[in-house]
Amino acid sequence: MEYAPTLLAGGALFVIGLAMVLLRSELLFVLMGIEVMFNGAGLTAAAAGQYWNDAVGQVLVLFLMTITGAELAVALVLVYLAYRRLRATELGDISVLRDDGPSEEAAQ
Amino acid sequence: MLNLLIFLPMVGGFLIWLLLRRSAVAARWAVLAVALVEAVICLKLWATMGDGFFAQVHAAWLPSFGVQYLLGMDGLSLVLALLTAVVTLGALLVAWNAVEDWAAFGALILIAEGAIMGVLCALDLVLFYVFWEVMIVPIFFLAARRGAEARRAAMRFFLFTIVGSLLMLVSLVALYVLHGQATGEYTFDYFKLLHTPMGAHLSLWLMLGMLSAFAVKIPMFPLHLWAPDTYSRAEAPVSIMLAGAMANMGAYGVMRFCLPLFPAGAQIFAPWGMALGAIGVVYAGLLALVQNDLKRVIAYSSVSHMSLVVLGLFAWQRQALDGAVFLLLAHGIGVLGLFAVTAWIEARGRSMDLDGMGGWFKLMPRMGILFLICLLAGVGLPGLANFVGEFLVLAGGVEVNLAWSVVAALGILVSVMYFLRAYERSMLGPLREEIELRDLGVRETFVMGATALLLLWLGLFPQVLLSPVGAVTAALAQMH
Amino acid sequence: MNHWLWLIPGAALIGAALNAVFGGWWGVRNSARVAVLALAVSALSVAALWFAGAATHVFHQTLYTWMDSGAWDVTVGLRVDRVTLVMLSVASWVGFLIHLFSYRFMAGDYGERRYFVYLNLFVAGMLIFVLADNLVLIYLGWEVMGLCSYALVSHWYRKAHYAWCGRKAFVVTRIGDTALALAIFLIFAQYHTVDLHGLFTALHAQPVDTTMLGWIALLVLIGAAGKSAQLPLSTWLPDAMAGPSTVSALIHAATMVTAGVYLILRLHPLFELVPSMLWLVGLVGALTLVYAGLSALGQYDIKRVIAYSTISQIGYMFLAVGIGAYGLALFHLAVHACFKSLLFMSAGVAIEHYDGDHDIRRMGGLGKRAPYLRLVFLAGAATLAAVPLITAAFYSKDPIIEAAWAAPQGWLLWGLAIAGAVLTGAYTFRLYFMVFPGQSRGKLKDYSMPLSMRLPLGILALASIGLGFVQFPTEWPHLPHLFLPWLSGELGMPTMPHGGTAVVLSLLGMAAALLGIAWGWRLAQREIEGLGIGRSKLLSSGLYLDAIYDALVVRPSFALSRMLRDGIEAATFNTAVVGSLVRVLRVGNRALSLTQNGSTARYASFMALGVVAMLGYFLWRM
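From first to last, the protein sequence lines stand for chains A, B and C. With the first letter of the first sequence counted as 1, position 84 gets the number 84 in the numbering used here; the numbers rise by one all the way through. With the first letter of the second sequence counted as 1, position 287 gets the number 1287 in the numbering used here; the numbers rise by one all the way through. With the first letter of the third sequence counted as 1, position 281 gets the number 2281 in the numbering used here; the numbers rise by one all the way through.
Note that these hints are calculated values from the structure, not bench results. Where hints are given, some of them may not hold.
[What the hints assert, rightly or not] Reference listing, derived: stretches of chain C covered by chain B, where coverage requires no fewer than 3 residues with Cβ under 8 Å from a Cβ of chain B:
| no. | segment |
| --- | --- |
| 1 | 2154-2164 |
| 2 | 2183-2193 |
| 3 | 2342-2356 |
| 4 | 2461-2475 |
[Unchecked claim] Short, incomplete list of chain C residues facing chain A, as computed with Cβ under 8 Å:
| no. | residue |
| --- | --- |
| 5 | Ser-2448 |
| 6 | Ser-2452 |
| 7 | Ala-2601 |
| 8 | Ser-2605 |
| 9 | Gly-2610 |
| 10 | Ala-2613 |
Every residue, glycine too, gets a C-beta built ideally from N, C-alpha and C.
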């Protein structure tokens, strides 16, 4: 069996997902990108399981799907809350972690 | 027993903070009860004391890295644990009415106490390091409690401490690697690391790395810079914990780790250490002479006394080591009394400015007398506790290095100058203004009276605490 | 009796402790009673010691181990030999008489209870000092005395100047104390013992290291000079007169200031190994006695005159020790304790008569108003001036002057001592003639002395006159020679000049005293006319010694402290060290905070880059 196309497909999915995460600014698209990356990883795992003739690959995929489901639920809630609390639909709107350098109080 | 000693106050403090945030009164009593139990545990340990390291606790922790959970206590750590318990009790009683949020305050004090006990008992270097860092955190928050000035001072303390700690960590890891390479056994076990072979120069650098953490805590000249500010800006009970309990850990670290782990390096450094100690005694003493803030006078006097401890440690000789440990005890109790006086003055709504005082003996004779006793202990009056420590340190020091010991002996002179100046300006002379100050109440008298009695008792019968220490110092002196 | 030695200092100590703790409860007057009673117990214990045979036997009691650290093994041990016994008797009995006197003298004072606590504590310290069998315990007594001196000098603390005087007394004597402490350390470093007996054994067992012993002896001398107010540390004693007169009588006349003499007496085996240092002791004494005599001439404050005379008389004791006449030093010490405490207490009463005024220019005419006081004061003054044949000081001081002739460079020591004798007569009787005869120049009021005040004064007056008759000069036949031969076992006999020299010296000594008294009368007349010697700033300021110290020591040390505070601590350390530390951290913080721009995409790309880098590294390593 030829594994190269499968692996290539998995890698392509991962890169596409990553590109979505990095380049898109809407929260929902970033979320979708993450899902795509997960799928790429899952596909690779399944193919690798076949290659080694091992069931772990498939177990991993099943496990991944469960986790993804749970993660998606939490992530969607977060996106919803971000919209509710911060009125934000884009990543650029959320920059609470920005550090403006030392405050004057800590100066001495 | 040692587990209880360490974790009772930690867990107790945490629970009090969780459960008793609503009621300051309940929290206060609970904190006091925990501290009392802690003191009882210490006394019990004293009663059951054995030779060498007793009451050892041993468990695996991270066996793959050679890290274990190893606790033990000997005469040295025992007397310092006793002191810590007493000083903590004193600090709590001083804070009694001065603090509002008792749940947080008490919890922090208790956690600090537990960590200090952990530092005293840990015989695994990683475990020691963990307790060491845990100790700093509550102390930082305590010191930073009162306003921007205090926060700034505490920040400076934290900076000094962190830098020192990191250097200590480097030394610890280096020692671990060295020992592993030499023997094939990678371990943080104190006893196994004791005889790690290494070159004198390497030993010196590693010793300095560890010392930098301890020197900051002591505080040793010229790393004392954080101390006067932090002591004088923090609340009195916090200053008591800082100077009376935590500073001792620096000296303990030198005795437990710096000298025995790196004998060759310590040997090279010893004359320098004595020199720094001697200079610190006189330097801090002279600075105390020209302070106009009572708390700063006390703070610099504390630095001066701790410098004498440094001299004793690096004299590395039987009498000097005994004296250094005893001076820690005397200094801890004395500082409790002195900072307590500042707390009483603050409780009466007066500032620490010496120019605003004068003639208060007339209004507060009881405080005047008890204050004087604490000062006289600091002056090194025979019959009070400090004298035993000072005399032993200097007697041992003269035998090792005459010149620096003579310089340090000038501290005897300077101490009487700054303390009596402060006393005269606050308590004696005519009343500057018509004010009413009530004399000490029951609780205040109890704290001051107990302090004075302890100082007197230790001064007249120092043997009770000198003999447990003697075995440790004798062995240590022999390494020199 | 061996087991009861502790009671001698213990009784006074218990008295102090009881009054300190319960004094508030049982009231001020009872505190005074307890204090007097405690001293009575001490004094009676000393008397019992005589009857128990201490005059011939050595008593010793070890109470407990004080500090035990390797070779540093210090016990609380008390030892009584003959020297101790003399000193004990002086300290406890004179102390008791002064306590008795204070009972009424201090009644109604605002710090009465405090006064009696410290007074008891002081006597306890002195007795411990005298009894101690090791150097550390000696130091304890030494320092406790210093503390009580501080507290009692600044007894009337509400006057800022008095508080300052007490501090000065403590700080200046502390200079000496530091030297003494160093001497103890050196002795320990050298001989590994602090026990007196052990030290003397070791001194003879080891070869003599003259340099080291010289330093030790010098340090002990500085310590003794500090406590005994000898040059160059004499400046505190005149200011210590700020305390009540009874305090001056007890501490600054009879007991504490003579502690220095006693200390050197105790350590005389050590001093004898370095004769040059012993001679230096004598020289210090000789110079001090002239210096203090001159200064006393220029004083107007009645107590300062007596204070300077104390310095001068202790100078004689130092001189005696320095020339090896230890027995005479001790003899003069005992005599001096009697007449000087008498003079101080009488002066205290005189000051009461003049309503608290110390200035002798405004006194005069007290003799008629208070004949008893005049009588006892005259007894004291005559003894101080060493009126020949009838006073005790003639038998204790004049032999010292004579013996000085026989010492190395005896002409120098003798010359200073005889000059001092003239000065002594002069300042003493200048004082007497200005206070007692003639008409009052100030406000004179009545002050009635009860028996409890008259009795101590009377006893001390009798002792001042009569104590000399136990030890006539050795060459006088058929008269008692009890004191020096009795002590000779411990202190040896002084070397005296012989034959014609001795007679000439003796006659010169008598002449000096009488000449001094005559001069004193003349000086008093001049003072009353307003042309007196006291107008000389040089003399009244004690040869500018205070000013010199102020300029050379006090100001520079405060200037140095201020320089350290503002220059080193603030500028260098805090700004440079801490500042640069903070600056480094701030720059680092600013650099790193550029990465924290809050943009999630940036964070994510950093993560991705990191993963790629790690993967690349591992691939490359494979």
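We went through each hint and held it up to the structure:
Evaluation of the coverage hint for the segment 2154-2164 of chain C: fulfilled, as 7 residues show C-beta separations to chain B shorter than 8 Å, against a requirement of three. With a threshold of 8 Å between beta carbons, the proposed coverage of the segment 2183-2193 of chain C by chain B holds, since 5 of its residues qualify and at least three are required. For a cut-off of 8 Å, the count of residues in the segment 2342-2356 of chain C with a CB near a CB of chain B stands at 0, and the three-residue condition is violated. Counting residues of the segment 2461-2475 of chain C whose CB lies closer than 8 Å to any CB of chain B gives 0, which falls below the minimum of 3, so the coverage claim is violated.
Checking C:Ser-2448 against chain A by beta carbon gives a least distance of about 69 Å; that is not within 8 Å, so the hint is violated. Residue-level restraint check for C:Ser-2452 is violated (minimum Cβ-Cβ distance to chain A is 66 Å; threshold 8 Å). Hint on C:Ala-2601 holds. Least Cβ distance to chain A is approximately 6 Å, under the 8 Å limit. Proximity of C:Ser-2605 to chain A holds as hinted, the smallest CB-CB distance being about 5 Å (cut-off 8 Å).
Hint status for C:Gly-2610 relative to chain A: violated, with the closest Cβ pair at about 13 Å, above 8 Å. Because the beta carbon of C:Ala-2613 sits about 15 Å from the nearest beta carbon in chain A, more than 8 Å, this interface hint is broken.
Checked against the numbered hints above, the structure violates hints 3, 4, 5, 6, 9, 10; every other hint is satisfied.
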